[in-house]
Structure formats: C-alpha cells, structure tokens
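Residue numbers (the working numbering), protein chains in the order written: chain Z, 3 to 384; chain X, 3 to 384.
Take these hints with a grain of salt, some might be off.
Same chains, same label: a pair holds when it works inside one copy or across any pair of copies.
In silico SDA-like links for lysine to any residue, alpha-carbon gap of 25 angstroms or less [to be verified]:
#  : residue 1 : residue 2
1  : Lys310    : Glu169
2  : Lys275    : Thr202
3  : Lys243    : Arg333
4  : Lys243    : Asp303
5  : Lys115    : Gly373
6  : Lys115    : Asp303
7  : Lys275    : Phe21
8  : Lys243    : Glu148
9  : Lys75     : Arg262
10 : Lys115    : Lys243
11 : Lys115    : Glu169
12 : Lys310    : Val261
13 : Lys275    : Asp143
14 : Lys75     : Glu32
15 : Lys275    : Gly30
16 : Lys310    : Arg290
17 : Lys243    : Glu334
18 : Lys310    : Phe253
19 : Lys310    : Pro34
20 : Lys275    : Tyr69
21 : Lys310    : Leu362
22 : Lys275    : Pro34
23 : Lys310    : Arg372
24 : Lys243    : Asn302
25 : Lys75     : Pro121
26 : Lys275    : Cys29
These are computed hints drawn from the structure, not numbers from a lab.
There are 2 protein chains.
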Amino acid sequence: MSEWPADSVGLVQPQQRHFDTPLMLACGIELPSYELVYECYGALNAERSNAILICHALSSDHHVAGYYEGESKPGWWEVYVGPGKAFDTNRFYIICANNIGGCSGSTGPTSQKPDGSEPYGPDFPPVRVRDWVHCQQQLMDVLGIEQWAAVVGSSLGGMQVLRWALEYPEAMRHGIVLASAMKLTAQNIAFNEIARRAITADPDFTNGRYLERGTMPNKGLAIARMIGHLTYMSDDLMALKFGRDLYEGSFERGQATDVRFQVESYLRHQGDKFADSFDANSYLLLTRALDYFDLAREYNDDPMQAFKRAQAEFLVVSFSSDWRFAPARSREMVRAMLGAGRRVSYAEINAPQGHDAFLLPVPRFDAVLRGYLQRVAAGARA
Amino acid sequence: MSEWPADSVGLVQPQQRHFDTPLMLACGIELPSYELVYECYGALNAERSNAILICHALSSDHHVAGYYEGESKPGWWEVYVGPGKAFDTNRFYIICANNIGGCSGSTGPTSQKPDGSEPYGPDFPPVRVRDWVHCQQQLMDVLGIEQWAAVVGSSLGGMQVLRWALEYPEAMRHGIVLASAMKLTAQNIAFNEIARRAITADPDFTNGRYLERGTMPNKGLAIARMIGHLTYMSDDLMALKFGRDLYEGSFERGQATDVRFQVESYLRHQGDKFADSFDANSYLLLTRALDYFDLAREYNDDPMQAFKRAQAEFLVVSFSSDWRFAPARSREMVRAMLGAGRRVSYAEINAPQGHDAFLLPVPRFDAVLRGYLQRVAAGARA
C-alpha cells in the first residue's frame, strides 16, 4: 500500500436529478417518476469524449471516490479512481449513479410512493439490470454525453456493462467487465436464496411492511449479509486473516465456557453493521435482479450471437481465488466475445483476496487497468 | 447404479444400552448416566477380530444399512455396507452408535434430565469428538471387542477415527478417514457460525427452551440446513442437477410475477424436511464439536508429533470437487502420517459430487474401499 498514490478527488457531493418521464420497467410496470442520485469526478472535455460510466455492484452506491464533508471513509473505489490513479480524474470525466431499487438515494423501496401516502416497501416493482441501464442512459442524455469512452463495472456492475453493450451498442467505445459473469450459476443463486430466506423468516420483516411498523428485520438482514460477505472472500484469504484464532474462551480440558473464533466475531460485526445501513426490501430486490440476469436469454442462449450486436472493445478481468464469480465464467465470456469478432483483452489476476479483490489494492490489477485505460484515453484524446 | 450390488442386510433393529457409570466429558462436566443406541450387522467371528466401527458424521445416525420395518428408505450408507458390498457384512461385524448430544436415540438435548424434570435442552453440556470416542470405547467393552479391525468415518466421522488412533492406539488395526480434515478452516467455521446464528435468531428458539414451550425454531433450523447442504454439493454438480432451470414463473418481458429457480425450491425442501426431523440444540452442539476439533492442539500444533502416538495403518480418501473438506486437507493429513512413520494409502477420487460423494455410488471410491478392505480382512482372517 505504501506506494499507492494517495491523491484523492477530495471533498465531493452527490447530485440529484428528478425524472418526470415515466419509466417502463422490464417487468411491464411503469414507474411514473423517479430520482437518480449520482456523483461526477473530473471534467468533461470540449469534445465530450472522455466520459466514463461506472456501474456499481449489489450493495454498493454512487459514492465511488473522495470524501463527504465530515466523514473519514472515502468512496468504495478510492484506490482506483482519482488524480493519477488508474481511472485518472485528470483525464476522464467519471460518473456513477445509484441504481433504482436500492436504498442510497435513488428511488427505491424506502422512497415514498408518488402519492406520498407511504413508502413503496414491498410494493416496489421488480427491477432488472436492463432497467438500470435505461436509467443510466436517461442521465447520459441530461449530462449531454453522446458516447461513453468506457462503461465499467464489477460483479453485478459488470452485468450492466454487458447489457449496455447490447442495448446501446453505439453509445460506448469500451466495456470493462471485472469479476463478473454472463449469468449466475445454480450455486450462486442458492446463496442468494438462503440470504433472502433469512430476511423473510425474520418476524420483524412483517411481509416487507417494517418501515410503517417500525420493526426492522435486522437479524435476518445481518445473516443475509454474513452469507454474502463470506462468499466474497477466498478460503485462503480467511486462513491468512483469521485462521483458527480465538476471540474468546479457551480449549483447555475441563472448561465448559463457550469458545468463539475471530472469524465468527468478524462476520457478526459485518452483518450487524450492514443491517444498520441497508434496506431489507432492497436486498431482496437487488439479489433477484442478479439471479435473473442472463445475457443471452433473448439470443437463443447463444452469447456469441448476443455479442454480435455489440460494437465496443472489451477488457475482461477475473481473479484466481474468486469462487463466487470464477475465472471460468470470464473465460466463457471472452470466448463468446472473440467468437463474435469483438476485440477483447483478458487478464486473470493471481490474487488471494477472492471476489472482493476488485475493491482492494492489487498492483497487478492496477497495472492491467492502467494499460487498458491508456488506450481508452488515446481514443478519447483525454 | 444398475450394476451396483442390490443385496442388503435387510430388516434391522436398533439396539439400546444404558450406561450407569458417569461419563466425565472433556468440558469437565459429568454426565451421570447415558443411553447409547446402535446397530450391528454381520457376525463377530470366533477370534473377535473382524469388528469394524463406523463413526457417523454431523447430522447422521446409527442407521447405516438395511431397512426398518415398514420403511422404504434404507440406512445412509446402504451403497457401501451389506453382503458383498465394500464393507462386506459376510466378512465383517459392523457397528455404528449414535453420538451423544445428537437427537436420534442416544442421550442428547431432547432427552429428559436424570431427575426426569424436563428435557436437557440448552443445558446439555458441550461435547467434543473425544467424548464420542470414549462412549464408543465403553460400548466396545460391553460388546467384548478388544481391537477393531478398522475404525472408519467420513467428515466429522473421520475426525473420530483420528481421535481413536491417538486415544486408543492399540485398539485398532486400521483407520479409514474419508472426506475429512485434522481441523476446520476459517471458512468452514464461518459457515457453521452463520447456520448457528440463523437458529438462535429465530424467535421460536426461545434461548433453547422451545421443547417446554412447544415453539419449534423450524425456520431457523431450515436455513441452517440449507447453508450446510449447499456446501456439501459442488458448483459443477449443482450446474448439472439444476442449472438455471425454472420451478415457476417466466422471464418474458412485461411479466412482474416472481420467478423461482429449481435450485431454490430444492434447497427449501431440504431445509424444511431437515427442520422437521432434527433438534436445533443438537445442531448447535454438533457444529461446535466440529469447529472445536483440532487433532494436534495437544501436540504443540504438530500433527506429525500427534501421529507418532498412533499405531494403526491408514486409508485416507478425498474427493476432487469437495470444497468443504478439500483434498488439500487430506494431503496435509497424509504428509503428517507419513512423517510419523505410519503406513498410509491415499486416494484422491475424481468425482463431481462434492463433499457428499462419500454417500453416493462412486465406482472408483468403491474400488478403493474394496481393495483396502481386502487387506483389513486378511489381517482379521475375516
């Protein structure tokens, strides 16, 4: 970490935009109006050719880089976004919008219904990756951007990049897909389903009406997050980080006191912290969107056929120890892109951190991003 | 399956034995008396040299093979135990006892306290692998067996085999350790902890007093089992078995109905079925015993030093797709055994079924067992 550039975009403020044009969702339900909250870093050049859209992952948000007034924790991708960093804010104009259906500012289950009567809660319509891409495209119009230099995302964010490439092929020059997949495996869906069941089994969930009742399903949501968090780490990383170290108790013979391992205490803390800050209905909705995504569903289940619609060049990156979005899933994606005649760069980064590696300072990953973004910048004259 | 020997030990009945001698547990608490329920197949030879002890895994029990009157489902290891099968009941006298702390007949949290006042419930003392081995040794005495031809177990059962080899080195000629480990990894502990938290977060758990109150924490226990069951299967097996097949709903555009995948429905069913038949306090207790086991803890964390106490020969088997008890854990074990001068055979079976492979008909596994048991039989003149 010592050599990692420390420069930051510094103090930032989220922006908000109200959209009055109804949004027809993929499920057939119309959202009469909605808010998008987003952040921008850097400056749009005169040619309007240096804009990069970052699509965030499941429980993440628009606060990618920099600091909010009075807060010491930076945005979630501070290590890769900022002046002189891989996503160099001296060259690029970078935008990230919070996805609708979440709970970080854009319209979602905790928002009031349009008639102001009550929060949407469980009545918020199901959203799909495609709906987020449509929202991002609306915001793009408002910002006066005609073509993204690149659209980038990891995990569920990577799925948005892929959907962009098929829905608006001319609107992006590069797609950067990190630790992602063209669709989830059965095992992935199963983890999400257990997480959802932990939420709905919590009696405080009250069929999703907990906001009106003032009963928060924090226990269920904490368990859901513990499951998720556990699958974002690799076995090796956990062995390094926790091993079998004890948090309390002793294994001495003749001791009947409970023994608790560090890893248990850590996960409980992560779960509780998350439950205090995230909305349960949003978690249900977002994991469903993740499960339902299937890039090639409308292309006869043939991803090569799907990528024939795309026009962008791609960078695909996977991490060796990521068992939630395994390298094999990225390789499938790359094969389909190549088969469709796309230009693709692929890097499989040897890193022990599991799925979360994309969030952490991994020098080899940084080098791959920097190399590719040189090309993106050249094309954008950024 | 078609060529798998269909012969069975047929109708069987469990046996019960009451022990009045107090059992001093590793935690320092004394169990004043206890029951063991067990099953036997085959016949003890005149030399009393052909007895094999099977140690069962976490949520399993003493019903290894054959059928109960009026039931169509055989014991859990019917594929490997019976006349002409790998554990050939024509040659061996095979015994399996239900572990105390469980809920299948031997004394555990659902048993009445010795004063008959109420069930033990959460007051049942913590048990460790060592306690089970002591109970099995008591039963061995009762049955008039001085030395096991082999002690065999998979997963948590394999840990019992290892403990046997250190506690009673002269009482066994062979140890057969399947899909097991010398201790759990942090990741394993974490899965168990999330399962436990799902149970204790269920308000019907009522601090473990649900039996008296008649409120069963079935929702929590079902989630706990779903987590366990999921980790016993490999990603590949789940892809084969379920893929992204739908149970209900449709992905057609303009459809807001919920979509449920087959894998979700399957796991929910498994969870609910388990919750109807297993005790929540037992599940907490047994997963703790699994987490706490650490073969070499009393040997300066040096497994080689531990195995120097052992006298048995070993067969160790792992399965390529088992990510809960990965082959790497078995290889560590084998290295320590060899370093201690033990005779060891090791087989890493290429099988897609994950941890549960040891329960399923896997021809290569069957062949390995048969080969090794020839040697066991030769030594037992069975």
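query = Where does the structure disagree with the numbered hints, that is, which hint numbers, in rising order?
reply = Of the numbered hints, 5, 6, 7, 8, 9, 10, 11, 12, 13, 14, 15, 16, 19, 21, 22, 23, 25 and 26 do not hold.
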